[in-house]
Amino acid sequence: MKRVYAKEDVCIGCRLCEIACVVEHSESKNAIRTYKTEVPRPVARNVVEERGPLTFSVNCRHCDEPLCVAVCIAGAMVKDEESGVVRHNEEKCVGCWSCVMICPYGVIKMKPAAKKVSKCDLCNGRTMPACVQACPNRAIVYEER
Amino acid sequence: MEHVIIGNGAAAIGAVEGIREIDKASPVTIVSAEPYRAYGRPLIANLLSGKIVEADIYYRADDFYEARGVKLLLGEKAARIDVEKKRVVLESGKAVSFGRLLIATGGIPFIPPIKGGEGSSIYTFTTLDDAKNLEALPGKVERVVVIGGGLIGLKAAESLHDRGIKVTVVELADRILSSAFDREAGDIVEKRLKEIGIEIVLENSVKEIVRAKGRIKAVILNNGEQYECGAVVIAIGVIPNKAIVEGTGIMTNRGILADGNMQTSVPGIYAAGDVAEAPDLLLGQKRVAPIWPNAYLQGRYAGLNMAGAKKPYRGGVAMNSIEFYGIPTVSMGISNPPDEGYVVRAVYEPKKNLYRKIVLKGHRLVGAVLVGQIQRAGVLTGLMTGRTNVESFEEELLNGEFGFASMPPDVRKKILAENR
Ligand SMILES: Cc1cc2nc3c(=O)[nH]c(=O)nc-3n(C[C@H](O)[C@H](O)[C@H](O)COP(=O)(O)OP(=O)(O)OC[C@H]3O[C@@H](n4cnc5c(N)ncnc54)[C@H](O)[C@@H]3O)c2cc1C
Ligand code: SF4
Chain U
39 MKRVYAKEDV
49 CIGCRLCEIA
59 CVVEHSESKN
69 AIRTYKTEVP
79 RPVARNVVEE
89 RGPLTFSVNC
99 RHCDEPLCVA
109 VCIAGAMVKD
119 EESGVVRHNE
129 EKCVGCWSCV
139 MICPYGVIKM
149 KPAAKKVSKC
159 DLCNGRTMPA
169 CVQACPNRAI
179 VYEER
Chain V
5 MEHVIIGNGA
15 AAIGAVEGIR
25 EIDKASPVTI
35 VSAEPYRAYG
45 RPLIANLLSG
55 KIVEADIYYR
65 ADDFYEARGV
75 KLLLGEKAAR
85 IDVEKKRVVL
95 ESGKAVSFGR
105 LLIATGGIPF
115 IPPIKGGEGS
125 SIYTFTTLDD
135 AKNLEALPGK
145 VERVVVIGGG
155 LIGLKAAESL
165 HDRGIKVTVV
175 ELADRILSSA
185 FDREAGDIVE
195 KRLKEIGIEI
205 VLENSVKEIV
215 RAKGRIKAVI
225 LNNGEQYECG
235 AVVIAIGVIP
245 NKAIVEGTGI
255 MTNRGILADG
265 NMQTSVPGIY
275 AAGDVAEAPD
285 LLLGQKRVAP
295 IWPNAYLQGR
305 YAGLNMAGAK
315 KPYRGGVAMN
325 SIEFYGIPTV
335 SMGISNPPDE
345 GYVVRAVYEP
355 KKNLYRKIVL
365 KGHRLVGAVL
375 VGQIQRAGVL
385 TGLMTGRTNV
395 ESFEEELLNG
405 EFGFASMPPD
415 VRKKILAENR
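Going down the list, the protein sequences come from chains U and V.
Taking the working numbering, the leading residue of the first sequence gets 39, the next gets one more, and so forth.
Taking the working numbering, the leading residue of the second sequence gets 5, the next gets one more, and so forth.
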């Protein structure tokens with residue numbers, strides 16, 4: 039399946055990918071309205087790491103053998119057999135953080151107040167995930183590897 | 005090939021999913037003593053505390069069994085296994101023939117003999133029925149004593165406290181959470197639970213349960229102290245529920261011994277989950293690891309192999325994640341190193357409820373304990389299970405913001421290039 043990969047050599051750390059992710063998962067789908075009025079505001083589902091000049095995004099890989107699915111005590115994590123997308127059902131999630139403890143990429147985001155996690159859904163069938171589309175430098179790509 | 009599974013927990017569901025990945029057609033039968041579809045066993049605590057309702061506890065979709073062609077025998081207990089005739093005899097008298105059999109009978113609470121321990125108002129906390137029974141207490145009972153300050157005991161204590169019951173936890177060790185966590189983590193959690201109003205008594209145990217006209221009035225501890233209460237929850241440990249293999253020739257130690265393919269000493273018969281004693285990835289030996297991730301994954305690999313996939317399981321590692329009133333905690337791998345052969349580094353800030361400990365052996369990360377700040381803990385788990393040499397960035401592991409940017413480029417790029 040196609041997955042999101044980062045290219046650290048060309049990432050400029052602008053974090054537009056994070057903003058695009060937040061907006062994509064907002065109620066209004068409008069950046070200004072999302073950031074000004076939406077409470078709680080969605081969290082970005084990728085992680086942009088930064089250290090000195092080094093920056094890059096880390097995204098969910100929708101693993102073939104997803105450990106987050108194996109460890110979820112609530113049955114909230116499910117690998118969709120057809121699309122391969124690892125989906126998170128927020129309704130069922132009890133915030134036990136088991137998936138946070140196991141994800142080798144560290145891309146399951148905690149929402150401590152809600153006691154829920156949030157993770158990438160590959161923008162639910164969008165042909166190009168919002169983060170990839172938003173990157174001005176093509177530092178995140180969506181491809182088969 | 006008819007597949008039969010005894011038990012209907014995480015391991016059983018993992019097995020069904022494993023079997024059906026390879027074999028869509030062979031009949032699969034589940035024999036389940038509990039009269040429920042598979043549920044998230046740890047969620048009985050969320051249910052008792054009132055955070056979820058019963059409909060939320062079920063682990064898979066309503067049509068899970070039907071959609072996979074699984075015959076589900078609910079409320080049927082397997083009485084014995086006839087290895088020769090390849091069949092499971094049920095207590096109801098029925099018999100189920102198998103080609104391949106998985107024993108996924110889980111654990112049972114260990115109940116020590118206690119004076120006054122026979123009779124009403126003594127509870128355990130491992131099943132949905134236990135949670136339902138305990139739900140009757142609020143309003144009827146003011147105080148409860150929980151025997152055992154491990155994960156299950158503390159979950160019971162927290163749930164009852166959330167329902168307005170005054171709780172005293174009695175723990176034999178000199179700290180709570182002694183098996184999965186360490187002293188520092190135990191201290192932070194203990195302080196938090198006390199703040200919330202849960203009473204904790206250490207280095208003590210219940211010698212006698214005092215009754216009047218049959219009803220529980222108090223417990224007497226080893227040091228003679230008396231604590232009034234109307235009910236007692238026993239949560240001192242879960243032991244492998246292996247009675248079913250007695251007399252079958254299937255080899256056991258603490259649990260039912262299983263190899264890397266999750267097969268027991270009898271070909272065609274597999275074991276997985278809390279009942280199994282199977283290879284541990286870090287220890288290089290077999291052990292009973294009664295946690296959900298192991299149960300599911302062992303079950304899954306048992307299922308794959310029962311269906312003929314020949315896929316050995318690399319083995320699990322111990323890991324626990326649990327939050328106590330806003331303080332998240334994680335322990336993984338060897339959290340309490342047994343001897344001098346390990347290097348331990350830690351940052352401990354009890355006032356901020358923060359703690360981060362890493363355990364190294366020969367420049368490999370083999371264990372960690374995190375309290376307060378656990379985000380991206382999985383990156384550490386990945387280094388641990390991937391047996392990555394961390395020599396050049398050992399220091400970084402103690403940083404709460406640790407991530408791929410803290411690793412040398414070659415290590416980082418290798419991990420990020422892999423699909424899993
Ligand atoms: C309160 C509580 C909280 C927990 N929290 C966590 C947590 O946060 N994280 C974590 O990793 N783990 C946790 N655990 C442990 C986790 O729930 C277990 O490791 C897991 O459920 C084991 O799954 P299993 O399939 O091996 O066995 P089980 O889930 O125990 O299922 C075994 C099933 O087999 C049935 N059975 C037994 N004998 C027979 C028979 N002869 N015939 C027919 N059926 C039979 C039983 O009735 C049972 O339904 C918790 C456990 C409890 C009790
Ligand atoms: S935090 Fe939610 S999704 Fe993650 S393992 Fe726990 S219940 Fe499942």
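Treat the hints as calculated values from the structure; they're not laboratory data.
Treat the hints loosely; a few may be bogus.
Said to hold, decoys possible - A few chain U positions that, by computed beta-carbon distances, are all more than 12 angstroms from chain V:
1) 44
2) 48
3) 69
4) 90
5) 163
Stated by the list, open to error - Here are the in silico distance ranges between beta carbons for each label pair:
6) U:52 - V:241: 50 to 56 angstroms
7) V:40 - U:75: 26 to 32 angstroms
8) V:81 - U:171: 16 to 22 angstroms
9) U:50 - V:187: 44 to 50 angstroms
10) U:52 - V:414: 23 to 29 angstroms
11) U:103 - V:81: 31 to 37 angstroms
12) U:149 - V:367: 32 to 38 angstroms
13) U:176 - V:346: 27 to 33 angstroms
14) V:345 - U:75: 55 to 61 angstroms
15) U:122 - V:86: 51 to 57 angstroms
16) U:103 - V:232: 33 to 39 angstroms
17) U:50 - V:396: 25 to 31 angstroms
18) V:208 - U:122: 32 to 38 angstroms
Glycine included, every Cβ here is placed at the ideal spot set by N, Cα and C.
Here's how the hints hold up against the structure:
1. 44: Nearest chain V Cβ is 7 angstroms from residue 44 (chain U), so the label is violated.
2. 48: 14 angstroms, holds
3. 69: Holds, because the least Cβ-Cβ distance between residue 69 (chain U) and chain V comes to about 25 angstroms, which exceeds 12 angstroms.
4. 90: Check fails; 9 angstroms does not lie beyond 12 angstroms.
5. 163: Residue 163 (chain U) clear of chain V: closest Cβ-Cβ about 20 angstroms, beyond 12 angstroms.
6. U:52 - V:241: 50 to 56 angstroms: 53 angstroms, holds
7. V:40 - U:75: 26 to 32 angstroms: 43 angstroms, violated
8. V:81 - U:171: 16 to 22 angstroms: Given about 56 angstroms between the Cβ atoms, the range is violated.
9. U:50 - V:187: 44 to 50 angstroms: Since the Cβ atoms of residue 50 (chain U) and residue 187 (chain V) sit about 46 angstroms apart, the hinted range of 44 to 50 angstroms holds.
10. U:52 - V:414: 23 to 29 angstroms: Holds - the Cβ-Cβ distance for residue 52 (chain U) and residue 414 (chain V), about 26 angstroms, lies within 23 to 29 angstroms.
11. U:103 - V:81: 31 to 37 angstroms: Holds, at about 33 angstroms.
12. U:149 - V:367: 32 to 38 angstroms: 35 angstroms, holds
13. U:176 - V:346: 27 to 33 angstroms: Once the Cβ atoms are compared, 45 angstroms apart, the range 27 to 33 angstroms for residue 346 (chain V) and residue 176 (chain U) is violated.
14. V:345 - U:75: 55 to 61 angstroms: Holds, at about 57 angstroms.
15. U:122 - V:86: 51 to 57 angstroms: 42 angstroms, violated
16. U:103 - V:232: 33 to 39 angstroms: 52 angstroms, violated
17. U:50 - V:396: 25 to 31 angstroms: Since the Cβ atoms of residue 50 (chain U) and residue 396 (chain V) sit about 27 angstroms apart, the hinted range of 25 to 31 angstroms holds.
18. V:208 - U:122: 32 to 38 angstroms: 53 angstroms, violated
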